[in-house]
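**Student:** The primary structure of each chain is shown beneath.
There are 2 protein chains.
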Amino acid sequence: MNNNLFVYNTLSRSKERFVPIHLNHAGMYVCGPTVYGDAHLGHARPAITFDLVFRYLLYLGYKVRYVRNITDVGHLENDADEGEDKIAKKARLEELEPMEVVQYFTDRYHDNIDRLNVKKPSIEPRASGHMIEQINMIREIFDAGFAYESNGSVYFDVEKYNKTNHYGILSGRVLEDLLSNTRDLESQDEKRNSFDFALWKKAQPEHIMRWPSPWSDGFPGWHLECSAMSSKYLGEQFDIHGGGMDLLFPHHESEIAQSTVCFHKAPARYWMHNNMITINGQKMGKSLGNFITLDELFAGTHHALEQAYSPMTIRFFILQAHYRSPLDFGNEALQAAEKGFNKLMKAMETLEKLVPGADSTSDIATLEAKCYEAMNDDFNSPIVIANLFEGVRIINSVYDKKESLTGADLEKLKALFKSFIIDILGLLPETDPTAGIQLVDDLMQVILEIRKNARTNKDWATSDKIRDELARVKISVKDTKDGASWSIE
Amino acid sequence: MNNNLFVYNTLSRSKERFVPIHLNHAGMYVCGPTVYGDAHLGHARPAITFDLVFRYLLYLGYKVRYVRNITDVGHLENDADEGEDKIAKKARLEELEPMEVVQYFTDRYHDNIDRLNVKKPSIEPRASGHMIEQINMIREIFDAGFAYESNGSVYFDVEKYNKTNHYGILSGRVLEDLLSNTRDLESQDEKRNSFDFALWKKAQPEHIMRWPSPWSDGFPGWHLECSAMSSKYLGEQFDIHGGGMDLLFPHHESEIAQSTVCFHKAPARYWMHNNMITINGQKMGKSLGNFITLDELFAGTHHALEQAYSPMTIRFFILQAHYRSPLDFGNEALQAAEKGFNKLMKAMETLEKLVPGADSTSDIATLEAKCYEAMNDDFNSPIVIANLFEGVRIINSVYDKKESLTGADLEKLKALFKSFIIDILGLLPETDPTAGIQLVDDLMQVILEIRKNARTNKDWATSDKIRDELARVKISVKDTKDGASWSIE
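As given, the protein sequences belong to chains A and B, one line each in that order.
Note that the first sequence covers residues 0 to 488 in numbering that gives the first Met the number 0.
Note that the second sequence covers residues 0 to 488 in numbering that gives the first Met the number 0.
Hints are supplied without guarantee of correctness; some may be wrong.
All copies of an identical chain are treated as equivalent in the list; a pair is satisfied when it fits inside any one copy or across any two copies.
[Stated by the list, open to error] With a straight-line Cα cutoff of 27 angstroms, these simulated DSS-like cross-link-like pairs (lysine-lysine) come out:
#1 Lys401 with Lys477
#2 Lys477 with Lys338
#3 Lys477 with Lys451
#4 Lys345 with Lys413
#5 Lys473 with Lys118
#6 Lys413 with Lys400
#7 Lys477 with Lys400
#8 Lys473 with Lys338
#9 Lys451 with Lys119
#10 Lys473 with Lys451
#11 Lys231 with Lys451
#12 Lys451 with Lys352
#13 Lys345 with Lys477
#14 Lys464 with Lys477
#15 Lys62 with Lys400
#16 Lys190 with Lys464
#17 Lys352 with Lys473
#18 Lys411 with Lys62
#19 Lys473 with Lys342
#20 Lys457 with Lys345
#21 Lys401 with Lys464
#22 Lys282 with Lys264
#23 Lys264 with Lys14
#24 Lys352 with Lys477
Calculated from the structure, these hints are not laboratory results.
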């Protein structure tokens with residue numbers, strides 16, 4: 000087992016050697032989508048980032064349990080939001096059962112993410128499917144004295160928690176600063192402090208998504224589901240917790256508080272956060288109205304798009320940036336990614352055609368070492384890709400007979416490309432199912448043109464030869480008054 | 000809205016006009032898979048049968064809510080089985096978390112069923128996600144006096160229920176007969192009568208799938224989940240309940256008993272049951288060891304298979320029999336289905352090429368009426384297919400100029416084929432993504448052969464023409480010592 004993997008831990012703000020809790024096993028929890036709308040570019044990034052982590056851990060030989068949840072209980076958008084249940088809202092608008100909306104968008108999310116060649120997680124639990132676990136966790140927090148009930152809702156007492164713990168350990172926020180800024184609560188608020196977060200919300204009469212609880216018919220607060228499901232499937236403490244940077248505060252900070260109260264330890268050892276995708280420097284998001292759905296990207300149907308971008312182009316585009324760097328969206332960048340991806344795929348084809356030489360003019364072993372080095376350095380995919388392009392250069396030079404590789408080095412390069420491109424980066428050659436059909440049509444036009452030519456020149460031998468050769472591949476040609484037509488037998 | 004649809008109701012043992020509870024809406028619940036193994040031919044039949052029902056109801060304009068559950072809590076295989084939790088057993092064997100096994104087989108089930116072009120249901124709830132609902136239902140049955148606790152487990156008191164209700168209303172079984180046969184219970188049994196069924200089972204120490212309840216840490220009985228989830232998403236009474244004939248007793252019979260106690264009415268108005276698939280007359284099943292998985296069918300890798308059978312061949316094979324008839328599996332039958340399906344698809348292509356005539360020699364309106372008539376007669380897909388083949392005969396005759404159709408009739412026939420083949424039967428042309436590529440290769444060999452010929456004959460004009468024409472479609476030819484090779488630019 001490779002023990003040179005270093006992971007940037009948001010908790011310590013430094014790269015740390017990855018040492019799993021259980022030898023050869025890795026447990027990873029990543030915050031998944033809230034399924035009340037279509038997945039957009041902003042969803043693709045965490046999915047692909049943690050797919051890269053999942054794939055590399057598997058590649059290194061770890062037995063990985065990767066849990067990525069589905070948030071199907073409408074959650075509080077932010078703590079200032081007074082409990083508006085988004086999914087229920089959408090369902091009421093559409094006069095649908097909320098779970099029907101949830102199913103619809105979950106299925107669409109899966110379709111989109113599958114096309115991006117994101118491996119399915121080991122377990123994909125749903126918040127709505129873990130009510131008992133969430134209610135039990137609230138009970139424990141209550142019994143420990145860190146929760147209070149107000150009007151049928153239950154809140155986590157952040158100020159009390161912070162007296163013996165550090166609320167802000169992950170995000171670096173200082174509660175005292177928050178306290179002084181937000182002390183004046185509006186009178187109707189149920190919370191003692193504005194930064195207290197809901198563990199349970201009493202459902203308003205119009206709320207159609209609700210479950211019974213000791214406090215009220217209602218629904219759990221959003222931060223709770225991840226604590227309940229990660230501990231259920233990965234244990235009270237596990238290796239990696241991932242998610243987008245936007246979830247760092249208050250979501251992950253609150254997860255830590257909840258788990259610390261219940262289990263007396265931090266839930267995860269390594270906290271990983273992918274950076275955001277921006278559009279012209281602006282954050283992408285539903286509320287900003289500038290988000291492009293993955294379907295629109297794949298089909299090229301959004302007004303900001305100059306063309307359609309294939310799933311592999313998007314995957315390559317995302318992997319070309321390190322996951323902790325911001326990534327700005329633009330047609331130019333995506334078109335460059337498309338070119339780069341095609342170049343890489345073409346080189347993989349060329350690689351298969353290379354013939355071994357007597358000696359090697361390039362050092363493949365060093366190239367391989369650099370690829371591992373980059374992955375071990377906090378999953379540095381852009382450096383891996385840069386090294387693979389050095390491989391592309393070598394491949395093309397060998398093909399053009401400007402360089403040469405021994406048989407052993409050729410095999411090493413093939414293995415390297417397969418491992419890093421297919422297995423680790425998860426990039427696959429894209430076959431356009433209509434491309435072959437279009438080309439068949441084109442080639443038949445070529446053949447019929449030559450046949451017409453031959454017949455015009457009364458070159459019956461060629462014309463007959465064409466007919467016989469086509470018959471051999473089961474294509475028949477029929478002459479009509481509108482010209483020749485062909486069909487497959 | 001078509002109100003001529005007749006559905007065979009297992010409850011009344013007769014065909015009844017379909018009258019939905021809510022105008023223009025249809026609610027349907029179908030028992031889905033238990034996800035502890037790969038889907039086989041026996042899973043394909045209910046999936047396709049109720050997909051046909053779903054599609055036809057949608058086609059008729061109903062707003063359909065179709066709920067098909069995932070049984071992810073290991074259930075009692077039969078009531079003689081003393082509570083062995085199958086999923087937990089598999090998980091222990093593989094040293095996996097049960098939900099990891101569940102996720103794995105759920106994902107594989109979806110992949111298989113998607114390939115069969117089965118539409119996703121509106122809601123696909125999981126048994127494990129509805130513990131609160133199930134526990135509440137047990138409480139109600141308890142409070143009504145129809146359940147008893149024994150050793151931490153809870154059983155439904157069938158004998159008591161039968162005094163005021165009819166346990167056997169669906170299956171036609173007579174409890175008195177059962178009583179006299181099974182009165183002598185083994186002493187260690189927790190049940191008062193052998194036909195009593197579990198509502199809640201106390202988990203044995205080795206059971207890793209368990210939830211807290213007022214009676215014990217344990218898991219719900221299998222019959223309960225369908226009652227809890229169907230009532231949650233479709234209401235206390237809904238239109239159609241479907242499933243395989245093997246689920247009729249005791250599963251559906253017990254569902255009726257549970258719902259009758261809780262809601263004082265029968266859960267569903269129409270009970271539909273598909274017949275079984277047999278292999279050489281024998282029931283197919285995991286326990287018999289003669290089941291062929293869908294993956295094996297698609298790939299042709301089971302020893303009983305002479306070839307691979309495509310998803311559409313299997314779908315067509317299943318639709319060629321009425322859902323209430325038994326269907327015997329065999330290579331010959333599947334090969335005949337493959338031929339039939341291909342003939343139908345080819346006719347759809349030919350249909351597009353037909354030119355309108357001055358009059359019609361066939362009566363398309365009658366053909367259309369016959370298709371509707373067949374679907375309205377309890378979803379009689381084999382009769383629909385027979386009528387479509389009359390359409391195929393007409394298409395081929397018109398193509399061969401032996402018959403003719405007016406433009407209006409041609410359009411009617413096109414609409415009929417599209418509606419019934421694509422929308423209702425859910426059959427799609429299958430495109431083999433490698434077929435185009437193979438043909439491109441074949442055609443290039445044809446072209447290179449002609450080119451070689453021309454060059455041998457010093458026919459430079461033809462040889463140049465070929466080069467120019469290929470360049471036009473962006474193919475370049477390179478002459479090497481091993482002959483000509485080509486590549487796409």
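**Student:** Against this structure, judge whether each hint is valid.
**Tutor:** Status of each hint after checking the structure:
no.: 1; hint: Lys401 with Lys477; verdict: between (49 angstroms within a copy, 19 angstroms between copies)
no.: 2; hint: Lys477 with Lys338; verdict: between (41 angstroms within a copy, 25 angstroms between copies)
no.: 3; hint: Lys477 with Lys451; verdict: both (12 angstroms within a copy, 25 angstroms between copies)
no.: 4; hint: Lys345 with Lys413; verdict: within (13 angstroms within a copy, 43 angstroms between copies)
no.: 5; hint: Lys473 with Lys118; verdict: neither (40 angstroms within a copy, 36 angstroms between copies)
no.: 6; hint: Lys413 with Lys400; verdict: within (18 angstroms within a copy, 58 angstroms between copies)
no.: 7; hint: Lys477 with Lys400; verdict: between (47 angstroms within a copy, 16 angstroms between copies)
no.: 8; hint: Lys473 with Lys338; verdict: between (37 angstroms within a copy, 18 angstroms between copies)
no.: 9; hint: Lys451 with Lys119; verdict: neither (54 angstroms within a copy, 51 angstroms between copies)
no.: 10; hint: Lys473 with Lys451; verdict: both (20 angstroms within a copy, 21 angstroms between copies)
no.: 11; hint: Lys231 with Lys451; verdict: neither (72 angstroms within a copy, 69 angstroms between copies)
no.: 12; hint: Lys451 with Lys352; verdict: between (36 angstroms within a copy, 23 angstroms between copies)
no.: 13; hint: Lys345 with Lys477; verdict: between (38 angstroms within a copy, 18 angstroms between copies)
no.: 14; hint: Lys464 with Lys477; verdict: both (15 angstroms within a copy, 22 angstroms between copies)
no.: 15; hint: Lys62 with Lys400; verdict: neither (43 angstroms within a copy, 66 angstroms between copies)
no.: 16; hint: Lys190 with Lys464; verdict: neither (87 angstroms within a copy, 82 angstroms between copies)
no.: 17; hint: Lys352 with Lys473; verdict: between (30 angstroms within a copy, 20 angstroms between copies)
no.: 18; hint: Lys411 with Lys62; verdict: within (26 angstroms within a copy, 58 angstroms between copies)
no.: 19; hint: Lys473 with Lys342; verdict: between (35 angstroms within a copy, 17 angstroms between copies)
no.: 20; hint: Lys457 with Lys345; verdict: neither (42 angstroms within a copy, 35 angstroms between copies)
no.: 21; hint: Lys401 with Lys464; verdict: neither (41 angstroms within a copy, 33 angstroms between copies)
no.: 22; hint: Lys282 with Lys264; verdict: neither (34 angstroms within a copy, 54 angstroms between copies)
no.: 23; hint: Lys264 with Lys14; verdict: within (21 angstroms within a copy, 63 angstroms between copies)
no.: 24; hint: Lys352 with Lys477; verdict: between (39 angstroms within a copy, 14 angstroms between copies)
Of the numbered hints stated above, those contradicted by the structure are hints 5, 9, 11, 15, 16, 20, 21 and 22, listed in ascending order.
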